[in-house]
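Q: What follows is the residue order along each chain.
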Amino acid sequence: MEAGTATAPRARRTAPPWLAGLLPLLILGAAIAVFVAFDAPGLGERNGVPVEELVVERTVLHPGEIELVVRNDGPDPVAVRQAIVNDAFVGFSQSDPQIDRLRGGKVTIDYPWIEGQAYAIALVTSTGGTVDAAVDVAAETPANDVGFFGLMALIGLYVGVIPVAIGMLWLPWIRRIDPRYVQFLLALTLGLLAFLGIDAALEGTEIAATGAQAFGGAALVFLGAGAAYLALVGVDGWLRGRRTREESEGAGPWRLSFLVALGIGLHNLGEGLAIGSAYAIGSLALGTALVVGFALHNTTEGLAIVAPVARAGEAAGPARLGRLIGLGALAGLPAVLGAFVGALAYNPSLAAFMFGLGAGAIAQVIVQIAPGVRDKAGRLLHPLAVGGLLTGLVLMYTTGLLVSV
Amino acid sequence: MSRPTKISRRKLLGTAAGATAALPLLHETVPHRVAHDQFARAAGTDGHAGHSAGGTATAHPKGTQRRTIGSVDPRVNGFDPAEIVRDFDRGTVTQEGGRTVRTFEIVAEDREIEVAPGVKFAAWTYNGRVPGPTLRATEGDLLRVKFVNGSGHPHTMHFHGIHAPRHDGIPEVAPGDIAPGKSFTYEFEARPFGLHLYHCHTSPLAEHISKGLYGTFVIDPKQGRPEADELVMMMNGFDTNFDAENEIYAVNTVAFAYHDRPIQVKRDELVRIYLVNITEFDPLNSFHIHGNFFDYFPTGTKLEPRDFTDTVIQGQGERGICELRFPFTGKVMFHAHVSEFADLGWMGFFEVVD
Chain A
41 MEAGTATAPR
51 ARRTAPPWLA
61 GLLPLLILGA
71 AIAVFVAFDA
81 PGLGERNGVP
91 VEELVVERTV
101 LHPGEIELVV
111 RNDGPDPVAV
121 RQAIVNDAFV
131 GFSQSDPQID
141 RLRGGKVTID
151 YPWIEGQAYA
161 IALVTSTGGT
171 VDAAVDVAAE
181 TPANDVGFFG
191 LMALIGLYVG
201 VIPVAIGMLW
211 LPWIRRIDPR
221 YVQFLLALTL
231 GLLAFLGIDA
241 ALEGTEIAAT
251 GAQAFGGAAL
261 VFLGAGAAYL
271 ALVGVDGWLR
281 GRRTREESEG
291 AGPWRLSFLV
301 ALGIGLHNLG
311 EGLAIGSAYA
321 IGSLALGTAL
331 VVGFALHNTT
341 EGLAIVAPVA
351 RAGEAAGPAR
361 LGRLIGLGAL
371 AGLPAVLGAF
381 VGALAYNPSL
391 AAFMFGLGAG
401 AIAQVIVQIA
411 PGVRDKAGRL
421 LHPLAVGGLL
431 TGLVLMYTTG
441 LLVSV
Chain B
76 MSRPTKISRR
86 KLLGTAAGAT
96 AALPLLHETV
106 PHRVAHDQFA
116 RAAGTDGHAG
126 HSAGGTATAH
136 PKGTQRRTIG
146 SVDPRVNGFD
156 PAEIVRDFDR
166 GTVTQEGGRT
176 VRTFEIVAED
186 REIEVAPGVK
196 FAAWTYNGRV
206 PGPTLRATEG
216 DLLRVKFVNG
226 SGHPHTMHFH
236 GIHAPRHDGI
246 PEVAPGDIAP
256 GKSFTYEFEA
266 RPFGLHLYHC
276 HTSPLAEHIS
286 KGLYGTFVID
296 PKQGRPEADE
306 LVMMMNGFDT
316 NFDAENEIYA
326 VNTVAFAYHD
336 RPIQVKRDEL
346 VRIYLVNITE
356 FDPLNSFHIH
366 GNFFDYFPTG
376 TKLEPRDFTD
386 TVIQGQGERG
396 ICELRFPFTG
406 KVMFHAHVSE
416 FADLGWMGFF
426 EVVD
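Protein chains in written order, with the numbering used here: chain A, 41 to 445; chain B, 76 to 429.
None of these hints come from the bench; they were simulated from the model. Source: prediction; values computed, not measured. Don't be surprised by glycine CBs; every beta carbon is placed ideally from N, CA and C. Zero decoy hints are in this set.
Selected chain B positions facing chain A (Cβ under 10 Å, derived; list incomplete):
#: 1; residue: 142
#: 2; residue: 143
#: 3; residue: 144
#: 4; residue: 191
#: 5; residue: 193
#: 6; residue: 194
#: 7; residue: 195
#: 8; residue: 196
#: 9; residue: 197
#: 10; residue: 313
#: 11; residue: 315
#: 12; residue: 316
#: 13; residue: 322
#: 14; residue: 330
#: 15; residue: 416
#: 16; residue: 419
As a list, the in silico SDA-like pairs of lysine to any residue whose alpha-carbon atoms are at most 20 Å apart:
#: 17; chain 1: B; residue 1: 195; chain 2: A; residue 2: 116
#: 18; chain 1: B; residue 1: 195; chain 2: A; residue 2: 117
#: 19; chain 1: B; residue 1: 341; chain 2: B; residue 2: 370
#: 20; chain 1: A; residue 1: 146; chain 2: A; residue 2: 116
#: 21; chain 1: B; residue 1: 195; chain 2: A; residue 2: 119
#: 22; chain 1: B; residue 1: 195; chain 2: B; residue 2: 148
#: 23; chain 1: B; residue 1: 195; chain 2: A; residue 2: 136
#: 24; chain 1: A; residue 1: 146; chain 2: A; residue 2: 384
#: 25; chain 1: B; residue 1: 195; chain 2: A; residue 2: 137
#: 26; chain 1: B; residue 1: 195; chain 2: A; residue 2: 140
#: 27; chain 1: B; residue 1: 221; chain 2: B; residue 2: 255
#: 28; chain 1: B; residue 1: 195; chain 2: A; residue 2: 166
#: 29; chain 1: B; residue 1: 406; chain 2: B; residue 2: 365
#: 30; chain 1: B; residue 1: 195; chain 2: A; residue 2: 128
#: 31; chain 1: B; residue 1: 377; chain 2: B; residue 2: 345
#: 32; chain 1: A; residue 1: 146; chain 2: A; residue 2: 166
#: 33; chain 1: B; residue 1: 341; chain 2: B; residue 2: 403
#: 34; chain 1: B; residue 1: 195; chain 2: A; residue 2: 134
#: 35; chain 1: A; residue 1: 416; chain 2: A; residue 2: 220
#: 36; chain 1: B; residue 1: 195; chain 2: A; residue 2: 91
#: 37; chain 1: B; residue 1: 195; chain 2: A; residue 2: 131
#: 38; chain 1: A; residue 1: 146; chain 2: B; residue 2: 193
#: 39; chain 1: A; residue 1: 146; chain 2: B; residue 2: 144
#: 40; chain 1: B; residue 1: 195; chain 2: A; residue 2: 138
From just these sequences and the hints, can you work out the full model?
A: Here it is, written out as structure tokens:
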């Protein structure tokens, strides 16, 4: 109250603090209103021809029909007027005669496409510009029925949940081995994670390049990575606070395992997305080679989850089955979700962001695990650790070859 | 960056970019049996019948009709292919010392035209139309072609024919390029008789021609040719996205113009087609008639046909006269036998009536 009475005489003459904070915003609003009302005074007419940028986000094939989901990525409206497939004008219909900035649209082309062939599509705009799209290998886009959802769930289980669960079965073994080897395994985990992180970031950047750049393009990967990193730091901090209050010291390793599982889960979300969308556009072979490859690839992820627990030994507390299942589900199930999203609503910008999430989450997990690799002298990159790191990278690289046929 | 979408159609397959290539991790192809079966079912007899034109060669319910969507309004465009096809400009005729003098006035004009429904093209025109007016004279006439450059760019008029270098309409020889707002009268004797053309010769040549500065130039032999229903067809193309390749092909500019509105001809009447290839960027174009054959007079400089055929190939700037009679009534197709050009607009019909 003292402060209140002290400032009371001035309050009559000056505005309250909240108004002072609002003032620049009000002035900005007024300035914009005036600027718009007078149609950008002094700037004159727009210079140059309209910039037409239309991005094909998704290609859907049905019998006798090719559907392009497009988005206006440029500053000016785009009007599609004709469509050309393999050097021939073709009949088509579209959702909107003109697509405004950042708006999406759908162009449905009547075309007797033949399975297994490639098609070059050009949408001719009102100014004569062309927007190109390619169907590399024509195959019907699967219908979104129950069977399809079942299939996607099965794929997610095969490539996500089951391999991770199998990998976690190493837990009893690594709890018994010499702690020095556990250090090696942790370093190996770091190697695995580093590979996944780099892989996610690169793939995200690659996908971002195909999407609408107005949404940020490759920046979305970094935004996603930053968001995931910070979110995990937050979750970690919250868990630490809770644990110190409620649980014993031994909870630390499980907290670490949880974070590893969460990070890997976010990564598998992106992986599922890639699988689902590849399936949707017919460029995915659901063969045994792919599933086996993913199984080997992702089994190592299971190892990464349980490694932090092993380091703590018996102090980590009992390995309750429910807890293990929970961790496995956290790491693996997002692959199922990703597969759904990828097959149903694939969008390059969204996919890039999700890959970014995975990369950021993994980066944070690496930071979390790294201290556990230090030897007694406090060195991080001691020979054993370097050996583990390299082994992890090589393991991921070689198993990765199986799925990048 | 003013036109980021100008990747050419033909280069597209090579790059294999786009959303479909976004997933290298999982890129593998296999025969898609399930999809194929579904496809076969959908394309079967049940359903979709409304779309099928009946008895088409493919099993697909749709997409057999390859053409553009909508139509071009000639009133908005300022010229009509249906009129251009029979429009001959014989100039203002006077006599000087017993000699026929034909005076023409041609104005170059920048103008946006519609080359396919909804697709605009910033053309350069002679007298506001593409192709420019078909100029016609008789061998031995004196021609005075006053060229007024109302365009924002320098242009010329270069005639094919036998004439003095000063009247050849090229930048390298005076008077050279005719600057915007300036004019020049090209003067020469109409010879030799035959089917010729004129076009702008300003550099860069391909640009000045492909933007629309060309027209047909007919010199009749003194004794004339047999009475006939005479048609002018300039085979042209348009590079609408500036990738040095044509996106749209046509005769007399508008894609599928005579496909949608056939050219009416009378049965058994002699039809004479003045066929000129002014297509830029593609070395060859061709003309093919269905259900009929024609006498072909290359360049029209001889009165005897060289060939009796149903298909001719013309290089850039090549031309020839086709003479034929239609023995049956009904719709008779004609198109480039370069199938790509046909599918991209160079396809039409004659409607033969009694």
